[in-house]
Structures are given as C-alpha cells and as structure tokens.
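Enquirer: Taking the hints into account, I'd like the entire structure generated from these sequences.
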Amino acid sequence: MQAWTVVPRLRVGAIPPWGAMTAMRIDGFQFLCNLGVILVSLLLGTLLVAGLVEWVGGNAGTALLALGRGMVGSRQAIVEIIIEATPLALCALAFLIPFKAGFFNIGAQGHLQLGALTAVFITTTMSLPALLLIPVALLASALAGAALIAPAYLLKTRRGSSEVVTTVMLDFVALEFTYAMITGPLQAPGSFFAESNLIPEQYRLPVLGVHVGVHLAIILIVLASWVLRSTVFGFRLEALGGNPRASEALGMHTGPTLMKAVLLAGAIGGIAGGIQVMGVIFQVAEGWAKDWGFLGILVALMGRTPIGAIFAALLLAGLEIGGRHMQALTGLPSSLVYLLQSVPVLILLVLSSTRSFRKFSTPGASR
Amino acid sequence: MMLDPEFIISALRVATPLIIVALGVLVAELAGILFLCVEGVMLCGALFGMLGAAYFGDPWIGVACGLAVGISAGLLCAALFVWVPADQVVIGLAFNIAALGLTSFVFRIMTGVVKNSSISMAWPVPEWAADHPVLVFLFQVPPLAWVAAGLFIIAAYLLFRSAPGLMLRSVGQSVEAATSAGLDVLRVRTVAMAIAGGLAGLGGAALTVGWVHSFSANITAGRGFIALAVVYFGRWYPGWTFLGGLLFGVGEVLGLNAQVLGGNSHLYLMVPYILTIIVLGMTGGGRGPREVARPYERD
Numbered sequence: 007m008q009a010w011t012v013v014p015r016l017r018v019g020a021i022p023p024w025g026a027m028t029a030m031r032i033d034g035f036q037f038l039c040n041l042g043v044i045l046v047s048l049l050l051g052t053l054l055v056a057g058l059v060e061w062v063g064g065n066a067g068t069a070l071l072a073l074g075r076g077m078v079g080s081r082q083a084i085v086e087i088i089i090e091a092t093p094l095a096l097c098a099l100a101f102l103i104p105f106k107a108g109f110f111n112i113g114a115q116g117h118l119q120l121g122a123l124t125a126v127f128i129t130t131t132m133s134l135p136a137l138l139l140i141p142v143a144l145l146a147s148a149l150a151g152a153a154l155i156a157p158a159y160l161l162k163t164r165r166g167s168s169e170v171v172t173t174v175m176l177d178f179v180a181l182e183f184t185y186a187m188i189t190g191p192l193q194a195p196g197s198f199f200a201e202s203n204l205i206p207e208q209y210r211l212p213v214l215g216v217h218v219g220v221h222l223a224i225i226l227i228v229l230a231s232w233v234l235r236s237t238v239f240g241f242r243l244e245a246l247g248g249n250p251r252a253s254e255a256l257g258m259h260t261g262p263t264l265m266k267a268v269l270l271a272g273a274i275g276g277i278a279g280g281i282q283v284m285g286v287i288f289q290v291a292e293g294w295a296k297d298w299g300f301l302g303i304l305v306a307l308m309g310r311t312p313i314g315a316i317f318a319a320l321l322l323a324g325l326e327i328g329g330r331h332m333q334a335l336t337g338l339p340s341s342l343v344y345l346l347q348s349v350p351v352l353i354l355l356v357l358s359s360t361r362s363f364r365k366f367s368t369p370g371a372s373r
Numbered sequence: 014m015m016l017d018p019e020f021i022i023s024a025l026r027v028a029t030p031l032i033i034v035a036l037g038v039l040v041a042e043l044a045g046i047l048f049l050c051v052e053g054v055m056l057c058g059a060l061f062g063m064l065g066a067a068y069f070g071d072p073w074i075g076v077a078c079g080l081a082v083g084i085s086a087g088l089l090c091a092a093l094f095v096w097v098p099a100d101q102v103v104i105g106l107a108f109n110i111a112a113l114g115l116t117s118f119v120f121r122i123m124t125g126v127v128k129n130s131s132i133s134m135a136w137p138v139p140e141w142a143a144d145h146p147v148l149v150f151l152f153q154v155p156p157l158a159w160v161a162a163g164l165f166i167i168a169a170y171l172l173f174r175s176a177p178g179l180m181l182r183s184v185g186q187s188v189e190a191a192t193s194a195g196l197d198v199l200r201v202r203t204v205a206m207a208i209a210g211g212l213a214g215l216g217g218a219a220l221t222v223g224w225v226h227s228f229s230a231n232i233t234a235g236r237g238f239i240a241l242a243v244v245y246f247g248r249w250y251p252g253w254t255f256l257g258g259l260l261f262g263v264g265e266v267l268g269l270n271a272q273v274l275g276g277n278s279h280l281y282l283m284v285p286y287i288l289t290i291i292v293l294g295m296t297g298g299g300r301g302p303r304e305v306a307r308p309y310e311r312d
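Protein chains in written order, with the working numbering: chain A, 7 to 373; chain B, 14 to 312.
Any given hint might turn out to be false.
Here are some, though not all, of the chain B residues that point toward chain A, as calculated from beta-carbon distances under 10 Å [stated by the list, open to error]:
| # | residue |
| --- | --- |
| 1 | A99 |
| 2 | H226 |
| 3 | L274 |
| 4 | G275 |
| 5 | L293 |
| 6 | G301 |
| 7 | P308 |
Please keep in mind that the hints were generated in silico from the structure rather than gathered at the bench. Predicted model, so just to flag it, every value in this text is computed and none were measured. All residues carry an ideal CB built from backbone N, CA and C; glycine is no exception.
Expert: Rendered as structure tokens:
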C-alpha cells in the first residue's frame with residue numbers, strides 16, 4: 007500500500023465549481039467566486055455580442071429573445087441540445103483528463119474523425135449480430151483515437167516536443183486521412199459527394215428516449231469524475247500536473263500515469279466520434295464534425311471538471327441550437343453563435359487569470 | 014512539370030501567405046510566445062485585407078489594411094498573453110473561434126462589398142522584357158512573393174545579427190536571465206507580438222488579395238496551423254523556415270493538381286503534417302526557445 011492511498015485534500019489550482027458541489031466537498035467561497043466569474047463573463051460576452059448586433063443595424067433584443075426561445079422553447083429543442091452536447095462534453099473530457107496532468111490535448115477534432123471513420127468502416131463492412139458488432143465498433147473507435155494520440159505522447163516523453171504542436175498536426179493528419187478515405191475507398195458507391203455509406207439500420211445505436219450514446223457518455227463522464235476525484239490514479243494525475251518533479255521524487259511512476267491519461271483521452275475522443283456517427287449522423291461526410299473538438303476545449307475550460315463540463319456543454323450546445331432558430335427568425339447570420347460561445351470563455355479566462363481574482367478567490371494562497 | 018514556370022509561379026502564389034505568416038509565428042516563438050491564435054489573426058487579416066482592397070479599389074491598400082488589422086490583433090493578443098498573463102494555449106484556441114465567428118459575421122453583413130471586386134496585383138510585363146523568358150518569369154512572380162523574400166532577409170538579419178534581435182531572442186530563452194540583464198520582458202514581448210500579428214495579418218491579406226481574390230467563411234482552413242508547422246519544421250531557423258514554407262506550398266499545389274498526377278488530393282495535403290511530425294521526432298524539442306507557452310508574471 008502506498009502512502010497516498012488515502013487521498014488528502016489538495017489545493018492544486020482553484021477548486022472547480024460544479025464538480026466541487028457534486029462531490030459534496032464544497033469549498034463555498036471558492037465555488038461562489040468561480041460561479042460568479044462565469045456568470046459575469048457570460049453577461050459581458052452577451053452584452054458585447056448584443057452591441058455588435060445593434061451596431062450592424064439589427065435588433066439585439068429580438069435576436070436574444072429568439073435565441074432563448076430556440077434554446078428552451080420546445081421539447082424538441084431540448085432533445086436536440088442534449089444530443090448536440092454529447093460530443094462536446096466527451097471532447098471536453100478528452101481535454102480535461104490529460105490537462106489535469108499538465109498535458110494539453112488539442113487533438114480531439116482528430117480523434118473524432120478517426121473514431122467515426124473506424125466505426126463506419128466496421129459497421130458497413132462487417133456483418134455480425136448487432137449486440138456484438140455495436141460494442142466492437144465503439145471499442146475500435148476508442149482504439150483508433152488512442153492510436154492517433156500515441157505519437158504525441160511518445161514525442162513528448164522521448165523527444166521533448168511540445169504536445170500542443172504535435173496534437174494539432176495529428177488533428178490535420180486525421181482530417182485529411184478521413185477525407186481521403188471518404189473520397190476514395192470508403193466513398194459511397196455512385197455518390198458525387200465526399201461521404202461514406204450509411205450505417206445499416208440494425209447497427210445504429212438503439213434509442214431510449216435519446217440514443218444510447220448519450221447514456222454512455224453520461225456514464226463515462228460520471229466515471230471519469232469519480233476516477234479523477236477519488237482514486238489513486240486521479241490523485242497521481244493531479245500531483246503530476248501540480249509538480250511533476252515532486253511527484254517523481256516521491257517515487258511515483260509518472261510515465262505510466264501520463265501515458266494512461268493521454269491514451270484514455272484519445273480513446274474518449276474516438277468513442278465520441280463513434281457515438282455521434284452511430285447514433286446521430288450514420289455516415290461520415292465532409293464537415294460532419296463541425297468544430298466539436300475545438301469547442302470541447304472551451305467547454306472544458308468553462309466547466310473545469312467532468313461534471314461541470316456537462317453543464318457547459320449543454321450551454322454551448324444550446325447556443326448552437328438556439329442560434330439556428332435565431333437565424334431563421336431574424337436573418338442574422340448563425341456565425342454569431344461562434345462569438346456567443348467563445349467571447350464569454352475568453353472573458354472568463356482573462357478574468358480568472360488576473361492576479362487580483364486569484365488573490366481574492368484563494369484565501370491563504372501565497373499569490 | 015516541376016520546372017514548368019507556370020507551376021513554379023502557382024507554387025509561389027500558394028507559398029507566399031504561408032511564408033509570411035510563418036515569419037510572424039517565428040518572431041512570436043523566438044520571443045517565447047506560442048502563437049496558436051495565428052489562425053484567427055490570419056483570418057482577420059484575410060477579411061479586412063479583402064474589404065480594404067474592394068473598398069478603396071487598390072490591392073496594395075488592402076494589403077496595408079490586412080497589416081494594420083493584424084497589428085491590432087497582435088496587440089490584443091499581447092494584452093492577453095503578456096500583460097494579464099493568461100494561458101497562451103487556451104486563450105489562443107478561444108481566440109481562433111471568436112475570430113472565425115467575427116469574420117464570418119462581418120463577411121455575411123458586407124457580402125456585397127467583398128464580392129464585386131476584380132483586383133489583380135500582378136505587374137504587367139514591360140515591352141523591353143517581353144523577349145527574355147527569364148525576365149518575363151521574374152515579372153510574373155507574384156509581387157507579394159518578393160515582399161515575403163525581402164521580409165525574410167530583413168528578419169533573418171534583425172533577429173540574428175542585431176541588438177534588438179538578441180533582446181527578442183533572449184526574452185524567449187530565459188525571462189529570468191533577460192530580466193537580470195535589465196530587459197523589460199513585457200515590453201519586448203509586446204513589440205514582438207505586434208510584429209508577429211502584423212505579419213500574420215499581412216499573410217492573410219496575401220491569401221485573399223494576392224491569390225484567391227475573394228473571401229469566404231473560414232477561408233484560411235488551418236493555414237495558420239500549417240505556418241506553425243512550418244516554423245517547427247524549420248527548427249526556428251529563418252532560412253529553413255523559408256524553405257519549409259516553399260516546400261509546403263509545392264505540396265499544396267501538388268494536392269490541388271492531384272487529378273492530373275493521380276492519387277487522392279487529401280493524401281497529398283496530409284504530407285506536410287506528417288513531415289512536421291517526423292521532423293519533430295527526429296530532432297526533438299531541444300533547440301526551440303525555452304520560454305514558449307510559459308506565462309511570465311512580473312513580481
């Protein structure tokens with residue numbers, strides 16, 4: 007038994023807001039500070055975008071009202087938001103897990119692509135009982151995601167190359183590879199577009215209210231939340247992110263810990279692609295993955311914990327769905343949604359990294 | 014085919030934006046800043062360059078607009094990265110998405126202005142040169158390619174053979190050493206970011222004004238990230254970065270002409286990224302500026 011089996015209370019960075027609440031380890035003051043700064047940034051971001059709308063001659067009030075109606079106006083919209091939030095939350099998880107250990111995984115977009123491609127490849131070429139093939143396909147997409155991120159891990163640990171750059175490069179490798187496949191060997195026969203075959207009915211994810219992928223994603227996120235907060239592995243990750251040299255000096259095997267975290271992240275990103283393609287889209291076509299991989303990073307930064315990421319993903323997905331409604335009603339371009347999604351996160355990041363906020367929100371901290 | 018003047022000129026046209034933006038990334042990297050939001054800055058330069066060119070009817074004014082917007086965006090980045098200081102990776106990514114939203118939005122609003130523009134930067138071949146194929150070729154080289162080459166020579170000299178360049182590089186190697194030598198790290202980095210942003214905006218304008226002659230949402234499509242790859246491919250040497258930019262441009266032209274060559278265009282487009290990863294694998298990260306992506310806070 008190692009000395010750190012009983013997890014002591016650590017203060018590495020700020021205690022995350024929603025996660026802290028769910029785990030019933032409420033550090034009330036910090037939680038309120040973080041929630042407050044999130045709300046302030048949302049408000050400021052919305053005001054900025056509203057100002058932009060007014061400036062180009064639109065009516066910001068009508069636009070925001072249409073956006074809100076589109077988000078919560080109907081049952082259909084809420085279901086759509088939940089489905090849209092699933093890949094976002096999983097991509098956020100793929101960023102968060104290695105981020106705990108100080109490893110920036112910018113590659114979720116690539117994991118999505120490759121995971122989806124693998125799932126489509128398996129379900130359109132093999133024929134097995136559905137109960138067997140669906141898990142196999144999801145597992146394979148997880149493996150594909152993990153395989154894609156492996157070079158980034160190896161280059162980081164063996165050669166000291168920045169993982170930020172390698173994961174971005176791998177993103178584009180996966181993107182071009184996927185497009186090469188869906189315009190080449192995996193292109194739907196006779197199709198003029200860059201798209202794969204449709205996944206046969208029997209291999210699509212069954213629907214229980216929403217498709218099963220959503221349930222799977224929630225299970226994965228809750229599991230990840232538990233692993234990060236309450237297991238030795240989670241503790242090691244946090245220690246590694248806080249101070250790698252100290253953890254090594256304590257005798258932790260930092261290499262395997264980081265490797266597990268990074269491969270896990272790739273696998274989760276791959277599964278996200280598999281779920282999306284087997285549950286919602288049923289084929290890989292040009293532009294199917296939108297910007298989920300990159301937006302997932304925004305979700306992770308806003309949510310800060312796996313559970314928090316669920317809320318943040320719902321918010322960003324809601325903006326996306328509401329934005330379509332807004333475009334239909336007011337004629338304002340839906341690209342406004344990108345601004346609504348990113349500007350609050352930018353403000354949040356800036357506000358929470360200012361020195362005065364850090365001083366204010368962490369009582370007793372040295373800086 | 015490779016020696017066909019037409020092929021060389023189209024490769025130069027494709028490589029020019031890449032080379033200019035890569036130079037911007039190089040400046041930022043040498044000053045110790047991971048310029049991940051280069052994609053967003055490039056996109057802004059591309060849009061406003063095109064708007065300027067269409068509005069004033071002169072491509073060179075458009076390029077100047079791209080440069081000016083790039084400098085402002087670079088200063089905004091400097092405010093976030095250097096003065097706050099916030100994390101360069103995550104702010105960079107959020108900035109890219111915001112820039113994508115802003116440029117697509119402005120483009121939709123002003124779509125009439127951007128579309129009705131028929132601008133060309135090409136120099137006419139004068140009569141006295143029309144007989145010599147070499148001279149004709151030199152006149153056909155896109156003007157911005159000459160600008161890019163000139164910028165590279167100036168930058169290589171300034172960065173590695175002058176006092177301000179030494180200041181910039183020392184800030185990227187070790188902030189502690191630079192501070193104890195009496196340098197104002199924040200100010201040096203702010204200047205570096207203004208230069209880097211200006212070059213990224215100029216590169217974006219070179220993409221729209223100098224090559225495509227139009228703007229569409231997300232027209233850069235990851236070219237900023239390719240420029241980042243070019244810098245890592247070139248191991249932070251200006252000369253190798255320049256060659257890397259040319260090489261990636263050739264790769265892209267080959268990809269665009271994939272039907273002629275046989276094979277899938279996307280496989281050609283994949284090559285630059287794989288090459289970069291291989292180069293990173295062979296040489297490691299040892300030579301790069303040490304302070305890249307590390308936020309520095311003055312006590």
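Enquirer: Can the hint on B:G301 be confirmed by a CB-to-CB distance to chain A that is less than 10 Å?
Expert: Since chain A brings a Cβ to about 8 Å from B:G301, closer than 10 Å, the hint holds.
Enquirer: Is the hint on B:H226 kept, meaning its closest Cβ partner in chain A is under 10 Å away?
Expert: violated (22 Å)
Enquirer: Answer holds if the nearest beta-carbon of chain A is closer than 10 Å to that of B:L293; otherwise answer violated.
Expert: This interface hint holds because 4 Å falls under the 10 Å limit.
Enquirer: Quick check on B:L274 please, does its C-beta sit within 10 Å of some C-beta on chain A?
Expert: Status violated, d = 14 Å.
Enquirer: So, B:P308 near chain A? Judge it on the closest CB pair being under 10 Å.
Expert: This hint holds: B:P308 lies near chain A, its Cβ roughly 8 Å from the closest one there, short of 10 Å.
Enquirer: Does the interface hint hold: is B:G275 within less than 10 Å of chain A, judged Cβ to Cβ?
Expert: violated (12 Å)
Enquirer: Taking the least C-beta to C-beta distance, is B:A99 closer than 10 Å to chain A?
Expert: holds (4 Å)
Of the numbered hints given earlier, the model fails hints 2, 3, 4; all others are met.
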